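Could you build the full structure based on these sequences and the hints that come with them?
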Amino acid sequence: MSKDYSMLFDATTCIGCEACTVACKQRYEIPRGYFRTRMTRTETGSYPTARATNYKSACQHCADAACMQACPAGAISRVDGVAVVTDREKCIGCGYCVTACPFGAAHFDRPAGKADKCSFCYTIVPDAEPFCASVCPVGALTFGPSGEVLAKAQARVAQLTNQGVSGARLYGQNELGGLGVMSVLAGDPSLYGIPVDPQVPWGVRLWRYVFRPFGGIAALAVVAALWMNWTSGKGLRPADPTKEAK
Amino acid sequence: MVEESRTDFRISRRTFLKALGVTAGAGALGAAGLPVRFVSAAERPVQGTISVNTLCGICGPNCGIRAEVHDERVVALHGNPVDQVSRGKLCVKAYAAIKELYDPDRLKYPMKRTNPNKGPGHDPGWVKITWEEAIALTAQGLQKSIDEHGPQSVMFLSRKNPFLNRLARVIGTPNQLRHESTCYITYTSVYKAMVGWGNRTWHFDVDNAKYILAMGWDGPGKAKNTHSQGLVNALRDGAKLVVLDPRRTTTADMAAEWHPIKPGSDLAFALAMIHVIVTEELYDQEFVANYTTGIEQVAAMASGYTPEWAAELTDIPADAIRRIAREFAAAKPAMLVTHKRCAGGPNYANSTRLAQAQLILQCLVGVFDNYGGPVGPRGFPSVSFDATFPSPEFPPMYPERIDGWDKFPYVRHFSAADGHFPTMADGILNDRPYKVRAAIANKYNLFTFPHTLRAMEALKKLDFLAVIDLLPSELVQLADVVLPDSHWLEASAFNVRGFRSFTPQVGIRLPASKPLYDTRGAGGIWLAVAREMGFGEYFEGVSGGAWNNAQLKAWGTSWDELKDSPDGMFTIERPFTPATSFRTKSGKIELYATAFEEEGVDPLPTWKPKKEHPSNEYPFYFLISRPPMHKMSQSQNNELLDEIWPENTVEIHPNTAQSLGLRDGDLAKVTSRVGSIVLKTQVTTAIRPDCVCVMHGFGHWSEQLSVAYRKGANEGDLIPDQTVEEVIAAKDPGASANMCDFCVRVEKA
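If you read the sequences in order, they're chains A and B. Counting in the working numbering, the first sequence runs from 44 upward without gaps. Counting in the working numbering, the second sequence runs from 5 upward without gaps.
Since the hints were made in silico from the structure, they are not lab data. Treat the hints with care, as some may be off.
Covered stretches of chain A, going by a simulated chain B footprint (3 or more residues, C-beta under 8 Å) [as the list claims (entries may be wrong)]:
| # | region |
| --- | --- |
| 1 | 56-66 |
| 2 | 71-85 |
| 3 | 92-98 |
| 4 | 165-178 |
Please read all numbers here as calculations on a predicted model, not as lab measurements. Just so you know, even glycine gets a beta-carbon here, dropped at the ideal spot from N, CA and C.
If you want it as structure tokens, here you go:
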């Protein structure tokens, strides 16, 4: 059954307190050092005109999801037509999803030997809000039917523009076919440390559309997979537990 | 790390090769976007039933909470939507508090020390004892000191509590000290003198403000729940936010304008604003005429304080000061948002004056006790503890205090339960004016004290120290007897709503968890000690339950009614009307503070510079702040919060760091005239080049705090403490502790 929901992150009202991070870690008992969601702080410019932004770094639930296409084990599926979900029982721990994600939002759970990421709280939505959105004290994270969320986001962008925030924009309406988590930004995505034009890596597309459908040509697939692995081994590192999100 | 990575990589590849053929089809199905509903065992969130009404116990507002419980275990906390303060949400510290409740490092039973040597590196040699023994040892410890040195030799370090207050009076000691002196005493003093109200600078309605000026205020950066909600609501509605702060705080990042003001010069900015608003006659004449006195004196005082004069002192151009003053006066309502340790807190020698200038500005724009400005609490009539529990006459109280509080202008009239932390060490170490040899400390840590090492020496000098606390803090390490406190999630209480409450409302705290260990609440401990000391006749009929009910009944409810109410709140629905008279002699807000004049101190906030300035030896201003997810020095052992913000750093401007040869992550030694600390450098564009900043709460040396142990450094080691003479000489009616009024040098460690 396809359901209809999305989440909105309003970076212009986020205070970077990490209540969302704490809620997620508690609810899913995420091991120490790993995060399904985390605030990242990006400082740009120089004193005294420099500024810092907060971004909720987590799976964006892309319509065109690179991780799903990269996964050789069929462990990543779409639930409700929205949420991109990793089945840790099917996951073989190859880490290709971690490498493929244009947002760096999947991580490798080293103790479990599995890939892991935000699941959009698909076992409780849309009857309840995702845990992160439910705890946000300032309403920077909201959840609801996609149409309503989009209308709210557009209204907020218009409001910011009226208030003189020239770079105000909506991020995620069209990126990668539309993101399950849209963001209201006060400026260029690069100010938030996110890609201006996120893409599914072409290696992943090649694998998805050319090699994988012809399962018989296993040797080629293996070669392609090994090559991908070689080009992007960095994704296999666990999330850096010491990463400061100040 | 790299080795480990490679091993896993090889395993993964083998698994991958094996899985390739059989799973490709399933993968394609998922990828094609066909709905697949599955629940993997790993994807089962921890959930329970929202079933207990309680109140947060972390900071002042005591936000209303609804606890989610599963199988007797607290699994999540939610804001209580009926509560005017929490408004259905909580802050990160509250959400994470469950981890603290279940912290295996918690104090689990009363203990006594066996090793007489105290301090870092000395194992106290804890021995488990019963509560009966612990209370008996505590009573004996106090009694021995009374017998040998007199009743004044007993000291209590605690937040206000009527049971403790009575215990101190029965003993006859004037020495109750609390943290107000290092936190917000300047604001308390100004509010009492000018408005006649208590310390209420954090009670406000920023939601409805159209223009918000923050001088060092950083509610969002400290994740203050109701204040952050209010600020964001105001910004969504198009309010303009202007921030003056030597650091680009979270609030500054959200602001339309950030002005990196020179530390300790905010008073000059405020005086220039008063100058512009008064000379250009931009003030709310009706409000000023009806509700205030002293505008003529204020006008005369401000005549020389031009924006050009202030520009030099503040590093902010005169044009900007003039424009901001005009905007502030034109916008309705405009608010000067304050809390505790912002620029008007007890940070600088001129902070009391700034607090007064801020209140004058607020009155000049006609927004006081009204929407979009400071709002006095709409509470319940206070109930007298003494009338509820009459007692025999008390013995005479020793007149002089160990902290000199009785000699400080104006604040000496405050209650006996106030007191001054920064002068405690000097008094005890020099036995001036007398010996203090026994103390009970209730939930304060050593890091609360300026010049922490000296405070430690003073507390080590005591013959007896009992400490009530939840975790084995540094002060616990100095204790002779440890009295383990219950966690607030295990406790019962009530709290009258403040911070942003337009109508009287009281909330109940019910235990979300059964007691996990052999602990007691502080109230019961004060009672037990008093009775053990033979003061039973002064406490006849006194109990937590009886006192709670006496108050609740007077307000039209009861414990049982509140306990059984579905939302844990008792609210009197009453329309909000702004106050029209105030508790001063004139019944008006006294811009010219006659209460200060009577004490022989300046009744107006005339310009006075901060005390210490950069020198060759100490070239940098020192700033202190806090991370959003930590509560002072209490939360660093919380694994969840440690994971997000494990240690503090010294924040340095890139140019300054370069000139000092410091790179991000390098160990730096920061030295003030009283001490040094070593911690990591953090290079940031978010600070003035002539300032450095360190977050408070880190540097724990208690080995029993297994998570927080040895992370970062305690900035309190750098803060100079004070002598009684010094505070008297300052003629400051807010007795500022000068927590940031000193300079430091920084070098590579």
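Verification of the supplied hints:
1. For the region 56-66 of chain A, the assignment as covered by chain B holds, since 9 residues bring a beta-carbon within under 8 Å of that chain's beta-carbons and 3 suffice.
2. For the region 71-85 of chain A, the proposed coverage by chain B is satisfied: 4 residues have a C-beta within less than 8 Å of a C-beta in that chain, meeting the threshold of three.
3. Counting residues of the region 92-98 of chain A whose CB lies closer than 8 Å to any CB of chain B gives 4, which reaches the minimum of 3, so the coverage claim holds.
4. For the region 165-178 of chain A, the proposed coverage by chain B is satisfied: 6 residues have a C-beta within less than 8 Å of a C-beta in that chain, meeting the threshold of three.
Taken one by one, the earlier hints all hold for this structure without exception.
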